[in-house]
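S.K.: If you read the protein sequences in the order shown, they are chains A and B. For the first sequence, the numbering used here gives the first residue as 1, with consecutive numbering after it. For the second sequence, the numbering used here gives the first residue as 1, with consecutive numbering after it.
Think of the hints as simulated: they come from the structure by calculation, not from any bench. Yeah, the Cβ is synthetic: ideal placement off N, Cα and C, and Gly gets one too. Possibly wrong hints are sitting among the right ones.
[As the list claims (entries may be wrong)] Distance windows between CB atoms, simulated:
1. B:Glu2 to A:Asp166: 52 to 58 Å
2. A:Glu147 to B:Ile218: 15 to 21 Å
3. B:Leu19 to A:Ser170: 24 to 30 Å
4. A:Glu147 to B:Phe64: 43 to 49 Å
5. B:Arg21 to A:Ile208: 32 to 38 Å
6. A:Ala108 to B:Arg22: 31 to 37 Å
7. B:Ile210 to A:Ser131: 45 to 51 Å
8. A:Ser129 to B:Ser191: 53 to 59 Å
9. B:Leu113 to A:Glu147: 43 to 49 Å
10. B:Val38 to A:Gly102: 48 to 54 Å
[What the hints assert, rightly or not] Residues from chain B shown here face chain A by an in silico Cβ test under 10 Å; the list is partial:
11. Arg5
12. Leu10
13. Asp84
14. Ser95
15. Arg160
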Amino acid sequence: MVTRNLSKAYGLLWALRDVSLELKSGDCVAVLGPNGAGKTTLLRLLCGLLYPTDGEVAIDGATLLRGPSSLRSSIGLLSPNEHFYENLTVQENLRLFSSLYGKKIDAADLARTLGTVGLGSWSKDYVGSLSSGMKCRLAIAKWILLEPKLLLLDEPYGVLDGSGVDLLESYIKEVCRSGGIVVMASHHVSRVLAICTRALILHRARLIFDEPRQEPWLNFQRAFGEFLPRGERWSS
Amino acid sequence: MELLRQAARLLWKDFLLELRRRESLVTMFFFGALLLFVFQFAFEISAERAAEMAPGLLWLAFLFTGTLGLTQLFQAERENHCLDALLLSPMDRASLYLAKVSFNLFLMLLVELVIFPLFWVLFNLTSWHLLPTLFFVAFLGTLGFCVLGTLFSAVTMRARAKELLLPLILFPLMIPVILATIRAMEIILRSGELGEGAAWLRLLLGFDVIFLTAGFLIFEWVIEA
C-alpha cells in the first residue's frame with residue numbers, strides 16, 4: 001500500500017498534510033501522536049471513508065477511488081463500540097455485513113468464529129445488550145470472517161480485558177503472518193510498540209517520524225519524548 | 001442482480017429494525033390519524049365539495065406523515081456510525097438508495113391504506129368504489145415523494161437542524177408531484193374515470209422515472225459527501 005502526499009483539509013484547517021508511506025506485506029505499523037495529530041484522519045483516508053484533499057492511496061497499484069470498488073473488500077477498519085446495529089442480533093449483524101462483502105458464511109463458520117472470540121453463547125443476543133468489550137470482540141469476529149488484507153485499528157485497547165487484549169494481539173499477528181498489513185492508532189504506547197514492526201509519529205497534521213523497529217530505538221525515544229509531560233520519561 | 005440482492009438484504013435489515021423498534025410506523029400512523037381528526041373538526045365537507053377538498057387535505061396528511069418518516073429514515077445508520085460500516089464495504093451505494101426508497105414507500109403505503117378509509121368514514125363520503133383508483137394515483141405520488149425525499153433525507157442526514165431543513169428543501173421541489181396528484185385525484189372524484197386525469201398521471205410517472213434514475217446516479221456522491 002502506498003500513499004503519496006496524502007493531505008486532508010476541513011475548511012481552512014489541515015487535519016493531515018503530505019503524508020507519504022509505503023507499507024509492505026507483513027508490516028504492523030503503530031501510528032502514535034497526541035490528540036488532534038491526525039491519526040484517525042489518516043486511518044479514515046486509508047480505508048476510503050474520507051477522500052483526500054490532495055494526494056492518493058493506492059493498493060496493489062490501484063488507486064482507492066470514490067464509490068464501490070473491489071479494493072474495499074480487502075480493507076477492514078476495527079473501531080471498538082461502533083459499526084454494528086444495536087437492534088440486530090450478533091449473528092444477524094455478521095450475516096448482513098458478510099453478504100455486503102459478497103462472502104457466504106455458514107452456521108458452522110459463524111459458530112466457530114464467535115467461539116474463537118468468546119461470544120459463542122451470545123450469538124442470538126442483541127448487540128445493544130453487549131458490553132463495550134464484547135462489542136470489540138464482535139468487531140474482531142467480523143474481520144476474522146471477512147479476512148481483510150489491510151486491517152486498520154483505531155484505539156482498539158481501551159475497552160478490552162486481559163483475555164481480549166491477548167485475542168486482539170494474536171489476531172493482529174495472524175493477519176501479519178498471512179501477508180496482510182496492520183495499521184494501528186493508539187495511545188497505549190507500550191502495548192503497540194510490543195507488537196509493531198514500524199512506528200509513525202504524527203504531530204500537528206504532519207508525519208514527523210517513520211522508522212522500522214530497532215533495538216535500542218533511540219530515535220523513537222527522542223521523537224516521542226517531545227510529547228510527554230515535562231519531567232516524565234518514556235520507557236519501552 | 002448483485003445490486004438487487006444487496007438492496008434486498010438492506011431492506012430486510014430495515015424491516016427487522018422497524019419491527020423491533022416500532023418507531024416510524026406507529027408515529028406516522030398516529031400523526032396521520034390525528035391530522036384527519038383536526039381536519040374533521042375544522043372543515044365541513046359535503047358530498048358535493050368532496051372532490052374539491054378531499055385531495056388537498058389527504059395530501060397534506062400524507063406529506064406531513066411522510067416527512068416524519070423521512071427524518072427517521074437514516075436514524076439506524078447514524079447510530080454507532082453504521083453508515084461508515086456500510087460505506088466501508090464494497091456494496092453498490094445505489095443498493096442502499098433502492099432499499100431506503102422501498103422501505104419508505106412501504107411505510108407510507110401502509111399508512112395510506114388506513115388514512116384513506118378513515119377519511120371517508122370521518123367525512124361521511126359515499127364514493128367508496130373510487131378508493132382503489134385514488135389509491136393508485138396516491139401510489140404514484142407517494143413514489144415521487146419517496147424517490148426525492150430519500151435523496152434529500154441523505155443530504156440533510158448530517159445537518160444539525162435536519163428536521164427543519166428537510167421540508168424546507170423538499171417541499172418546493174415536490175410541487176409538481178403535489179399538484180399532479182391533487183389534480184388527478186380531483187378529476188377522478190368528479191368524473192369517476194381514471195382516464196380523465198391521464199395528463200396529470202403522465203406527469204407523475206415522468207417525475208417518478210426521472211428522479212428515480214437521478215437518485216440512482218447521484219446517491220453515491222450524496223451519501224459519501
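S.K.: Please go over all the hints and tell whether each is borne out by the structure.
M.R.: These are the hints, each one checked on the structure:
no.: 1; hint: B:Glu2 to A:Asp166: 52 to 58 Å; result: 38 Å, violated
no.: 2; hint: A:Glu147 to B:Ile218: 15 to 21 Å; result: 33 Å, violated
no.: 3; hint: B:Leu19 to A:Ser170: 24 to 30 Å; result: 38 Å, violated
no.: 4; hint: A:Glu147 to B:Phe64: 43 to 49 Å; result: 47 Å, holds
no.: 5; hint: B:Arg21 to A:Ile208: 32 to 38 Å; result: 47 Å, violated
no.: 6; hint: A:Ala108 to B:Arg22: 31 to 37 Å; result: 34 Å, holds
no.: 7; hint: B:Ile210 to A:Ser131: 45 to 51 Å; result: 49 Å, holds
no.: 8; hint: A:Ser129 to B:Ser191: 53 to 59 Å; result: 57 Å, holds
no.: 9; hint: B:Leu113 to A:Glu147: 43 to 49 Å; result: 45 Å, holds
no.: 10; hint: B:Val38 to A:Gly102: 48 to 54 Å; result: 50 Å, holds
no.: 11; hint: Arg5; result: 8 Å, holds
no.: 12; hint: Leu10; result: 8 Å, holds
no.: 13; hint: Asp84; result: 6 Å, holds
no.: 14; hint: Ser95; result: 9 Å, holds
no.: 15; hint: Arg160; result: 16 Å, violated
In summary, the numbered hints that this structure violates are 1, 2, 3, 5 and 15.
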